[in-house]
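Number of protein chains: 2
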Amino acid sequence: MAANLKPGTTKARILDTTAELFMRYGYTGTGLKQIVADANAPFGSLYHHFPGGKQELGVEVIHRSGAMYLELVLGVFDAAPDIVTGVHDCFAGAAEVLRATDYADACPIETVALEVASTNEPLREATAEVFESWIEGATEKFRAAGIDDSTARELSISVIALLEGAFVLARASRATEALDAAGKTAAAAVEAALRR
Amino acid sequence: MAANLKPGTTKARILDTTAELFMRYGYTGTGLKQIVADANAPFGSLYHHFPGGKQELGVEVIHRSGAMYLELVLGVFDAAPDIVTGVHDCFAGAAEVLRATDYADACPIETVALEVASTNEPLREATAEVFESWIEGATEKFRAAGIDDSTARELSISVIALLEGAFVLARASRATEALDAAGKTAAAAVEAALRR
Numbered sequence: 007m008a009a010n011l012k013p014g015t016t017k018a019r020i021l022d023t024t025a026e027l028f029m030r031y032g033y034t035g036t037g038l039k040q041i042v043a044d045a046n047a048p049f050g051s052l053y054h055h056f057p058g059g060k061q062e063l064g065v066e067v068i069h070r071s072g073a074m075y076l077e078l079v080l081g082v083f084d085a086a087p088d089i090v091t092g093v094h095d096c097f098a099g100a101a102e103v104l105r106a107t108d109y110a111d112a113c114p115i116e117t118v119a120l121e122v123a124s125t126n127e128p129l130r131e132a133t134a135e136v137f138e139s140w141i142e143g144a145t146e147k148f149r150a151a152g153i154d155d156s157t158a159r160e161l162s163i164s165v166i167a168l169l170e171g172a173f174v175l176a177r178a179s180r181a182t183e184a185l186d187a188a189g190k191t192a193a194a195a196v197e198a199a200l201r202r
Numbered sequence: 007m008a009a010n011l012k013p014g015t016t017k018a019r020i021l022d023t024t025a026e027l028f029m030r031y032g033y034t035g036t037g038l039k040q041i042v043a044d045a046n047a048p049f050g051s052l053y054h055h056f057p058g059g060k061q062e063l064g065v066e067v068i069h070r071s072g073a074m075y076l077e078l079v080l081g082v083f084d085a086a087p088d089i090v091t092g093v094h095d096c097f098a099g100a101a102e103v104l105r106a107t108d109y110a111d112a113c114p115i116e117t118v119a120l121e122v123a124s125t126n127e128p129l130r131e132a133t134a135e136v137f138e139s140w141i142e143g144a145t146e147k148f149r150a151a152g153i154d155d156s157t158a159r160e161l162s163i164s165v166i167a168l169l170e171g172a173f174v175l176a177r178a179s180r181a182t183e184a185l186d187a188a189g190k191t192a193a194a195a196v197e198a199a200l201r202r
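Protein chains in written order, with the working numbering: chain B, 7 to 202; chain D, 7 to 202.
Just so you know, the hints here were simulated from the structure itself, not pulled from any lab data. There's no promise every hint is true.
[Said to hold, decoys possible] Here are the simulated DSS-like cross-link-like pairs (lysine-lysine), alpha carbons at most 27 angstroms apart as the crow flies:
| id | chain 1 | residue 1 | chain 2 | residue 2 |
| --- | --- | --- | --- | --- |
| 1 | B | Lys60 | D | Lys60 |
| 2 | B | Lys39 | B | Lys60 |
| 3 | B | Lys39 | B | Lys17 |
| 4 | D | Lys190 | B | Lys190 |
| 5 | B | Lys39 | D | Lys39 |
| 6 | D | Lys60 | D | Lys39 |
| 7 | D | Lys39 | D | Lys17 |
| 8 | D | Lys12 | B | Lys39 |
| 9 | D | Lys12 | D | Lys39 |
| 10 | B | Lys60 | B | Lys12 |
| 11 | B | Lys60 | D | Lys39 |
| 12 | B | Lys60 | B | Lys17 |
| 13 | D | Lys17 | D | Lys60 |
[To be verified] Estimated spans, in silico, between C-beta atoms of each pair:
| id | chain 1 | residue 1 | chain 2 | residue 2 | range |
| --- | --- | --- | --- | --- | --- |
| 14 | B | Glu127 | D | Glu146 | 16 to 26 angstroms |
| 15 | D | Ala106 | B | Thr125 | 30 to 40 angstroms |
| 16 | B | Phe49 | D | Glu131 | 42 to 52 angstroms |
| 17 | D | Ala98 | B | Ser156 | 37 to 47 angstroms |
| 18 | D | Arg180 | B | Met74 | 42 to 52 angstroms |
| 19 | D | Pro57 | B | Lys39 | 25 to 35 angstroms |
| 20 | B | Lys39 | D | Arg201 | 52 to 62 angstroms |
| 21 | D | Thr125 | B | Arg105 | 10 to 20 angstroms |
| 22 | D | Glu77 | B | Met74 | 37 to 47 angstroms |
| 23 | D | Ala198 | B | Pro13 | 40 to 50 angstroms |
| 24 | B | Thr16 | D | Glu197 | 49 to 59 angstroms |
Note that this is a predicted model, so its numbers are computed, not measured. All C-beta atoms in this analysis are idealised placements derived from N, C-alpha and C, irrespective of residue type, glycine included.
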């Protein structure tokens, strides 16, 4: 798995650089020449590590970024005293990152997911697998807090949708109002489910 | 305004075709040659109607699609017996369109908004203006139903975020589960605000 790669290796640098470029420019807008230049890697190393070229690299970046982001979010949940605070902290943390990165770093796979949904099956499948892993990870947290299975899954989908949707509005408006509003609605939805 | 263009004119065909292509391929993935070919327009007509090229065309498509989408959604609200049903019907209608278009036609500007947020100021501003017009349109509906100003705006942002986020999940998974779950959460949030 790419997630176990030694940091600093050429392959790890290519993957990290590509993930960064995908967030800012999307899949179509990211060129292989820019990747090797930013990763300080020889051009040949790209096809050495990813014989399938940009698509193979893209699939690996989506899986790797998706796994790292899940770990990050689950860490925020684990550090919070309760699940409602955990949800609130995820939106507040995301708002902070957006402000700190000049509204560039939001979801690592959202732009790519929309670009490839109708055009590239292997990439679409990779984004679908990542989103499903996030939904399952959040569902597990909500179930552990005592919410029934079907409500927990609906809630997970809604919280992730609120976050992804707020990212679009926040990046477009260069303001975090959408993350504040969506975070409030997400926390209220979890509270309502806990009361049931 | 482009929205008042006579349908069937070359300019209207170019705008409609570009809007369609943006939904499926995004801004970067849509080429000018493909636009004129699909619009059945001579190449020169593109620069005749849009001297600023792809960027000027993009800005006009975003404004035009945004205005048409707002009208469509407000029409769904107006046809519903109450605001909660209106919100539900928006998500149900979006799910139906996604299924009917093989998961291609979701939000007309979401993909472009994410692609351009860090790279193209005129296009980013156009997407921000459209999202703000949607937020204001929905806020007006919620205020008319008796919800206070600040709650109405938060609710509008949240409902739009739920819809935009569900579009990402639905297109990636090629399933409408996310729209069903997000629609339920959106309707519940509006119900809770009405009870306050």
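Quick rundown of the hints versus the structure:
Taken as a hint, the B/Lys60 and D/Lys60 pair is honoured in the structure, with Cα atoms around 25 angstroms apart against an allowance of 27 angstroms. With a C-alpha separation of about 11 angstroms, the suggested pairing of B/Lys39 with B/Lys60 holds against the 27 angstroms cut-off. Pair hint B/Lys39 plus B/Lys17 holds up; C-alpha atoms about 15 angstroms apart against a cutoff of 27 angstroms. Taking the CA atoms of D/Lys190 and B/Lys190, the gap is about 17 angstroms. The hint holds against a cut of 27 angstroms.
A hinted pair counts as satisfied when its Cα atoms are at most 27 angstroms apart, and B/Lys39 with D/Lys39 qualifies at roughly 24 angstroms. Taken as a hint, the D/Lys60 and D/Lys39 pair is honoured in the structure, with Cα atoms around 11 angstroms apart against an allowance of 27 angstroms. Taken as a hint, the D/Lys39 and D/Lys17 pair is honoured in the structure, with Cα atoms around 15 angstroms apart against an allowance of 27 angstroms. Distance check on the hinted pair: D/Lys12 and B/Lys39 sit about 44 angstroms apart at the alpha-carbon level, beyond 27 angstroms; violated.
For the proposed pair D/Lys12 and D/Lys39, the alpha carbon gap of about 23 angstroms is at most 27 angstroms, so the pair holds. Our distance criterion of 27 angstroms between C-alpha atoms is met by B/Lys60 and B/Lys12, whose separation comes to about 21 angstroms. Proposed proximity of B/Lys60 and D/Lys39 is supported: the alpha carbons are some 24 angstroms apart, at most 27 angstroms. A threshold of 27 angstroms between alpha carbons decides the hint, and for B/Lys60 with B/Lys17 the separation of about 13 angstroms falls inside it, so the pair holds.
Straight-line distance between C-alpha atoms of D/Lys17 and D/Lys60 comes to about 13 angstroms, which keeps the hinted pair within the 27 angstroms bound. Between B/Glu127 and D/Glu146 the C-beta distance comes to about 41 angstroms, which lies outside the given range of 16 to 26 angstroms. Our hint of 30 to 40 angstroms for D/Ala106 and B/Thr125 is violated, since their Cβ atoms are close to 19 angstroms apart. Separation of B/Phe49 from D/Glu131 is about 36 angstroms and departs from the stated range, judged on CB atoms against 42 to 52 angstroms.
Distance hint for D/Ala98 and B/Ser156: a CB-CB separation of about 19 angstroms, inconsistent with the stated range 37 to 47 angstroms. A beta carbon spacing of about 25 angstroms between D/Arg180 and B/Met74 contradicts the range 42 to 52 angstroms that was offered as a hint. With their beta carbons about 31 angstroms apart, D/Pro57 and B/Lys39 fall inside the hinted range of 25 to 35 angstroms. Distance hint for B/Lys39 and D/Arg201: a CB-CB separation of about 57 angstroms, consistent with the stated range 52 to 62 angstroms.
Range check, D/Thr125 to B/Arg105: Cβ separation about 19 angstroms, and the 10 to 20 angstroms hint holds. Distance hint check for D/Glu77 and B/Met74: the Cβ-Cβ separation is about 41 angstroms, which falls inside the suggested range of 37 to 47 angstroms. Hint check: D/Ala198 to B/Pro13, Cβ distance near 46 angstroms, so the stated range 40 to 50 angstroms holds. Remark: the range hint 49 to 59 angstroms for B/Thr16 to D/Glu197 is upheld by a beta-carbon distance near 55 angstroms.
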